[in-house]
Amino acid sequence: MDAFLQDLIHYSPQILAGLKNTLLLMAVMSIAGLAGGIGVFYLTLGKNRLLRWGTERYISFFIGTPLLVHLFLMYYGLPQLGIRLSAFAVAVIGFTLNVSAYNARYLMTAYNGLDKTQIEAARAQGFRFGQTFRLIILPQTLRLSVPSLTNQVIQNLKDTSVAFLIQYPDFFAQMQEIASTNFQFLKTYVAAGLVYLALVSVIVAAARRLERKTALPGLETLDHA
Amino acid sequence: MALIEVQDLVKRFDGKEVLKGVNVLLSEGQSKVVMGASGCGKSTLLKCLNLLVAPTSGRIIFKGEDITRPGVDIHRLRQDIGFVFQHFALYTHLTVEENITLGLRKIRKMKTAAAREKAAFELERVGMFEHRKKYPAHLSGGQKQRAAIVRALAMDPAVLFLDEPTSALDPQMSREVVTVINKLYLDNITMFCVTHDPFLAKYISDSIVFMHEGVIVAEDIAERLFYEHDDPRIRQFYLSVIDHR
Ligand SMILES: Nc1ncnc2c1ncn2[C@@H]1O[C@H](COP(=O)(O)OP(=O)(O)OP(=O)(O)O)[C@@H](O)[C@H]1O
Ligand SMILES: [Mg+2]
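Chains as they are written, first to last, in my numbering: chain A, 8 to 232; chain B, 38 to 282.
Excised from the complex, chain A in its bound form (with noise of 0.2 Å):
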């Protein structure tokens, strides 16, 4: 047998420690950063100015900088003021925050796109306000938002990968723990790319039944456009 294989086995129990490790990781962060977006999108449709306006700025200072900067700056940053936090919690955190800034920018802008007089009828109907949100303007939003969505989860699938540099044992920190001791790094990244690869076209799969099933009524042409 080809020795790259023979090694691909022998680290096999490590590899699939670190898939574990990624999977966990992306499916906390986009169950997290759908839940942190569809939050922070109601606090952006809300009456106070001053929540108005700090939602914005947060959802503009995540979006506007790199997450390895959120990353680095809570795993080596903190730790200087006596924070201590597990890669895995800084990972969590660092991403989630980012994630649910990007979600609640796809939620408001279609939000932006929602025929606003269905509002006005809810409210002319006797809703209070969380009603409106929860029965109309979010099953409406995230429906249209899907496509948006369901590519930030491929994104975050992919954004896992730059864990390791706050010493998360990730599939990519053991792949490449496996090229530095059998110099075989063009199989080996091949390998991590072609797994990526793998696990994106599955999210792919299940993302296109998903906004089929989803779509809006009066929508759904868009499908094959």
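Among the clues, some could well be false.
Claimed, not checked - Below, simulated DSBU-like cross-link-like pairs (lysine-lysine); rule was C-alpha separation at most 30 Å, straight line:
1. A:K54 / B:K146
2. B:K220 / B:K239
3. A:K123 / B:K53
4. A:K220 / B:K143
5. B:K155 / A:K123
6. B:K143 / B:K155
Because the hints were derived from the structure by calculation, they are not lab data.
The hints should help you fit chain B with the ligands onto chain A, whose structure is shown.
The following block gives chain B with the ligands in isolation, referenced to the frame of chain A:
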């Protein structure tokens, strides 16, 4: 008995006075139409009455209670007033049936089955039962407006407000909707309707209120207001909307 009594209602939008002291009365079982040139404040008046727009001054007595006073439960007030919009304003992600049952379930706290039954009954009355599983995007304008009327009526409001319910419709669909509103009129549903359409106005009103630049300048039954009033503003308005048809 007066259901709604409006006294000296004033509304200013950043300094611009849109309602300049409106006085109007709507009794239970009565149907009133509001007419007047574009921009004279008709929609603003309707929206002040259910506090979608906050009045600047004046009093609005609804069921004997001054709703302009602080501490009024605006949600409860609005739940008692059905509102039909020019552009239907149906919830696009919900079927016709769901559009109607949403308020029944979430506001009236009805069980889903009971809400569906109520929706079916009301849809039947306007000939929309067969369309209950369709989404708004798959309906004609007339069907959308009938669905919107049912959504408002199913809540059993004390009064139905309609803001130009036929202006977004072509003549045929408009007739469809006029027929439905006329039925409500004959059923003595309390209504307050803004329209530019003298045909609709005539067939659904006990009396017509004519507004000009934020004040009510005349109130009379359709025949007298349209044909006998000598206020030039009313003549001019009437001729313009007649030409339009
Ligand atoms: N939210 C608002 N802010 C500022 N000005 C407003 C607002 N709503 C209405 N106006 C102004 O108030 C005036 C009356 O508006 P309104 O919509 O009540 O008129 P209308 O009689 O319903 O007209 P139309 O027949 O065109 O519907 C208009 O000049 C409009 O520009
Ligand atoms: Mg208007």
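Do the hints match the structure? See the list:
1. A:K54 / B:K146: Status holds; Cα separation ~27 Å.
2. B:K220 / B:K239: 13 Å, holds
3. A:K123 / B:K53: Measuring from Cα to Cα gives roughly 24 Å; hence the hint holds.
4. A:K220 / B:K143: Holds - the C-alpha atoms of K143 (chain B) and K220 (chain A) are around 25 Å apart, at most 30 Å.
5. B:K155 / A:K123: 27 Å, holds
6. B:K143 / B:K155: 14 Å, holds
The structure is consistent with each of the numbered hints, conforming to all of them.
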